[in-house]
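Number of protein chains: 2
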Amino acid sequence: MRTIEMIDGVVKMIDQRKLPRQFEIVECRDYRALADAIKDMTIRGAPAIGAAAAFGLALAARESRAPTRDALLRDLDAAEKILRATRPTAVNLMWALDRMMRAARATNLDADGLRDFVVAEAQQIAEEDVAINRAMARNGAALINDGDSVLTHCNAGPLATVDVGTALGVIIEAHKQGKKIHVFVDETRPRLQGARLTAWELMQHGVPMTLIADNASGYYMRRGKIQKCFVGSDRVAANGDVANKIGTYKTAVVARENGIPFYAVMPTSTIDLTLANGDLIEIEERDAREVTHIEGVPIAPEGVRVGNPAFDVTPHKYITALVTERGVVVPPFAENLRKITG
Amino acid sequence: MRTIEMIDGVVKMIDQRKLPRQFEIVECRDYRALADAIKDMTIRGAPAIGAAAAFGLALAARESRAPTRDALLRDLDAAEKILRATRPTAVNLMWALDRMMRAARATNLDADGLRDFVVAEAQQIAEEDVAINRAMARNGAALINDGDSVLTHCNAGPLATVDVGTALGVIIEAHKQGKKIHVFVDETRPRLQGARLTAWELMQHGVPMTLIADNASGYYMRRGKIQKCFVGSDRVAANGDVANKIGTYKTAVVARENGIPFYAVMPTSTIDLTLANGDLIEIEERDAREVTHIEGVPIAPEGVRVGNPAFDVTPHKYITALVTERGVVVPPFAENLRKITG
Numbered sequence: 001m002r003t004i005e006m007i008d009g010v011v012k013m014i015d016q017r018k019l020p021r022q023f024e025i026v027e028c029r030d031y032r033a034l035a036d037a038i039k040d041m042t043i044r045g046a047p048a049i050g051a052a053a054a055f056g057l058a059l060a061a062r063e064s065r066a067p068t069r070d071a072l073l074r075d076l077d078a079a080e081k082i083l084r085a086t087r088p089t090a091v092n093l094m095w096a097l098d099r100m101m102r103a104a105r106a107t108n109l110d111a112d113g114l115r116d117f118v119v120a121e122a123q124q125i126a127e128e129d130v131a132i133n134r135a136m137a138r139n140g141a142a143l144i145n146d147g148d149s150v151l152t153h154c155n156a157g158p159l160a161t162v163d164v165g166t167a168l169g170v171i172i173e174a175h176k177q178g179k180k181i182h183v184f185v186d187e188t189r190p191r192l193q194g195a196r197l198t199a200w201e202l203m204q205h206g207v208p209m210t211l212i213a214d215n216a217s218g219y220y221m222r223r224g225k226i227q228k229c230f231v232g233s234d235r236v237a238a239n240g241d242v243a244n245k246i247g248t249y250k251t252a253v254v255a256r257e258n259g260i261p262f263y264a265v266m267p268t269s270t271i272d273l274t275l276a277n278g279d280l281i282e283i284e285e286r287d288a289r290e291v292t293h294i295e296g297v298p299i300a301p302e303g304v305r306v307g308n309p310a311f312d313v314t315p316h317k318y319i320t321a322l323v324t325e326r327g328v329v330v331p332p333f334a335e336n337l338r339k340i341t342g
Numbered sequence: 001m002r003t004i005e006m007i008d009g010v011v012k013m014i015d016q017r018k019l020p021r022q023f024e025i026v027e028c029r030d031y032r033a034l035a036d037a038i039k040d041m042t043i044r045g046a047p048a049i050g051a052a053a054a055f056g057l058a059l060a061a062r063e064s065r066a067p068t069r070d071a072l073l074r075d076l077d078a079a080e081k082i083l084r085a086t087r088p089t090a091v092n093l094m095w096a097l098d099r100m101m102r103a104a105r106a107t108n109l110d111a112d113g114l115r116d117f118v119v120a121e122a123q124q125i126a127e128e129d130v131a132i133n134r135a136m137a138r139n140g141a142a143l144i145n146d147g148d149s150v151l152t153h154c155n156a157g158p159l160a161t162v163d164v165g166t167a168l169g170v171i172i173e174a175h176k177q178g179k180k181i182h183v184f185v186d187e188t189r190p191r192l193q194g195a196r197l198t199a200w201e202l203m204q205h206g207v208p209m210t211l212i213a214d215n216a217s218g219y220y221m222r223r224g225k226i227q228k229c230f231v232g233s234d235r236v237a238a239n240g241d242v243a244n245k246i247g248t249y250k251t252a253v254v255a256r257e258n259g260i261p262f263y264a265v266m267p268t269s270t271i272d273l274t275l276a277n278g279d280l281i282e283i284e285e286r287d288a289r290e291v292t293h294i295e296g297v298p299i300a301p302e303g304v305r306v307g308n309p310a311f312d313v314t315p316h317k318y319i320t321a322l323v324t325e326r327g328v329v330v331p332p333f334a335e336n337l338r339k340i341t342g
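Line order of the protein sequences matches chains A and B. Note that our numbering numbers the first sequence so that position 72 is 72, with each residue one more than the last. Note that our numbering numbers the second sequence so that position 98 is 98, with each residue one more than the last.
Pulled out of the complex, with its shape left as it was, chain A reads as follows (with noise of 0.2 Å):
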């Protein structure tokens, strides 16, 4: 199944918190429980959270007994502020947000039939992810040689987005292309989305692997083991900084220091041309137990101090492309980008 779909009017996703270990499908029925669920991450990924930010309207659309589009308008309007503060990070929620309510002013229907359009174009806004996505993994495998080993941060996979995946997509694609590549997966701590989803969603696909601590990614570098990362995004600045994953950093320093191409994969809707840099982007603090406990289990001294931002910026000057479902941009990016998007 898809990782968020929308069915008779209730809103289905994939429990990413217990993978491998369950699949579990999680139903919402309003959109407070889906705000709940993007903030959990039940679901997680950016372009996933786009769309289960445009689903969540829709559920608000359908919950609302507006009698009036101005009455239904405005409840969007109260759903669309819950849904916004959920994650700060990944524009993708945003824009889709953006895109819904602005589309459900341009319309002149009446309440019942803004409720039917805003609950279309989350469904559009779902199928073009699909589409999206499928472009890019196209355009990122052709970077992708026979006989590669490539790293990978945290999870960018199908489960990140409707379905397909973005920098995952890539790989996966190269591996259906027939060509024999070798995918290292970091584990990604604190959450472990690349022991988790990354190397489950790998497995699922036969492509071959080896699941690595994130401190390892370094040595095996520089042992000539690794030829390209490929990563996912959260938002990309105009200036073509990536917000992604914390550790995304070291890795993406580390892969230059090596000579090593660092390839950041996302749809356009990733891309922030309002943010000159991405010293702009604000970063997600987490909860400190996300540090001191795994699945339940303590592994630190109790009352101890945490810092635990669930991103960080990689300056463009680390980023060899970035690829988009329009193509592969290359530096220079502020130039670049700008055409792209326009």
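Treat the hints with care, as some may be off.
Identical copies carry no separate label here, and so any pair may be met within one copy or between two of them.
List time: in silico SDA-like cross-link candidates among lysine to any residue, alpha-carbon distance up to 20 Å [unchecked claim]: (1) K18 to E295; (2) K317 to R2; (3) K39 to R17; (4) K225 to I283; (5) K176 to A71; (6) K225 to P309; (7) K18 to P298; (8) K225 to G307; (9) K317 to R256; (10) K179 to R84; (11) K180 to R305; (12) K12 to H205; (13) K18 to H293; (14) K18 to V297.
Please keep in mind that the hints were generated in silico from the structure rather than gathered at the bench. A quick note: this is a predicted structure, and the numbers were derived from the prediction, not measured.
Given the coordinates of chain A, work out where chain B should sit on it, guided by the hints.
Here is chain B on its own, set in the frame of chain A:
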């Protein structure tokens, strides 16, 4: 108590696999039990396993029923082989065994005299380790300024030595000198020595600290939150290349990229002039389960393939200086290491 000590023919050590949840003492009454304790990391840290190996030979001497000096030396040789095979990377293990066997052979004592001598020599190595660590702590603390935030990786504290510690000894000494410092502690996957041991030791000493995922250190470096890095070392080659806990290399590269001084702290017994460079150092590959399970809980799909190198090599160009008991060694390392060990 000390990390390891020998009292009345019994070697007692703090069980480092159980901290910080339980403080337990393990007793070894024969050298094979002690070899197992090194292998399973009941005791770890380069200087501590040097002392442990010496105590292993002391146990072997006491166990042996050899009636003659030559027979006892043969028994010690047999024990030495078992102890030497426990862990391949930290040279202190080999250094302590070599010193013990050389000293034993250099005596003309009879079997009983040699037994007592071997025990005394092991005690001497442990005593010297504490004194050496105190000297390193003073030498290194001079590098830390009032107000500095420093990063450390893995555990190079009192627990990694007989007492005092190497990199963490430096940090604790700076704190004791009244300098206002803050420590960022990498949790250090896969075995989490930072979260479990370093955080615990710093809290015991009242040193202000923040525990972070290994992935997060680059984030704090880029934001100017870290002024210096201090790590221990498992082996230093003649050219100054440093083998240390996996992840040290990535951290050192990112530190240099951010203009942050990177110091490795070690007794001169960690310096191996027989190896021209760090790439000749054997790197221990440890069990996959260290990556796939945390505290017995699986965190990855069953049957996943794992890479688990326990150490990596940081080329000397990333290292600002090596802190030893005899002073701070700066580049050119090849020349200055020969001088300080000569």
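Consistency of the hints with the structure:
1. For the identical chains of this complex, K18 and E295 are neighbours both inside a copy (10 Å) and across copies (18 Å), given an alpha-carbon limit of 20 Å.
2. For a Cα distance limit of 20 Å, the shortest separation of K317 from R2 qualifies neither inside one copy, at 35 Å, nor across copies, at 48 Å.
3. Within a single copy, K39 and R17 get their C-alpha atoms as close as 12 Å, which meets the 20 Å cut-off; across copies the closest is 34 Å, which misses it.
4. In this homomeric assembly, K225 and I283 come within 20 Å of each other (Cα to Cα) only across copies, at 15 Å, whereas the closest approach inside a single copy is 32 Å.
5. Taking the shortest alpha-carbon separations for K176 and A71, neither the intra-copy value of 49 Å nor the inter-copy value of 65 Å comes in at or below 20 Å.
6. With identical chains, the CA atoms of K225 and P309 are at most 20 Å apart between copies only, with a shortest distance of 13 Å across copies and 29 Å within one.
7. For the identical chains of this complex, K18 and P298 are neighbours both inside a copy (18 Å) and across copies (12 Å), given an alpha-carbon limit of 20 Å.
8. Taking the shortest Cα distances, K225 and G307 sit within 20 Å of each other only across copies (12 Å), while inside one copy they are farther apart (32 Å).
9. Taking CA atoms no more than 20 Å apart as the test, K317 paired with R256 passes in both settings, with 9 Å inside one copy and 16 Å between copies.
10. For the identical chains of this complex, K179 and R84 are neighbours neither inside a copy (41 Å) nor across copies (44 Å), given an alpha-carbon limit of 20 Å.
11. For the identical chains of this complex, K180 and R305 are inter-copy neighbours only, at 17 Å across copies versus 45 Å inside a copy, given an alpha-carbon limit of 20 Å.
12. In this assembly of identical chains, K12 and H205 lie within 20 Å of each other by CA distance neither inside one copy nor across copies; the values are 23 Å within and 50 Å between.
13. In this assembly of identical chains, the alpha carbons of K18 and H293 lie at most 20 Å apart whether taken from the same copy (15 Å) or from different copies (15 Å).
14. Within a single copy, K18 and V297 get their C-alpha atoms as close as 15 Å, and across copies as close as 13 Å, so both meet the 20 Å cut-off.
In summary, the structure is inconsistent with hints 2, 5, 10 and 12 from the numbered list given earlier, while agreeing with the others.
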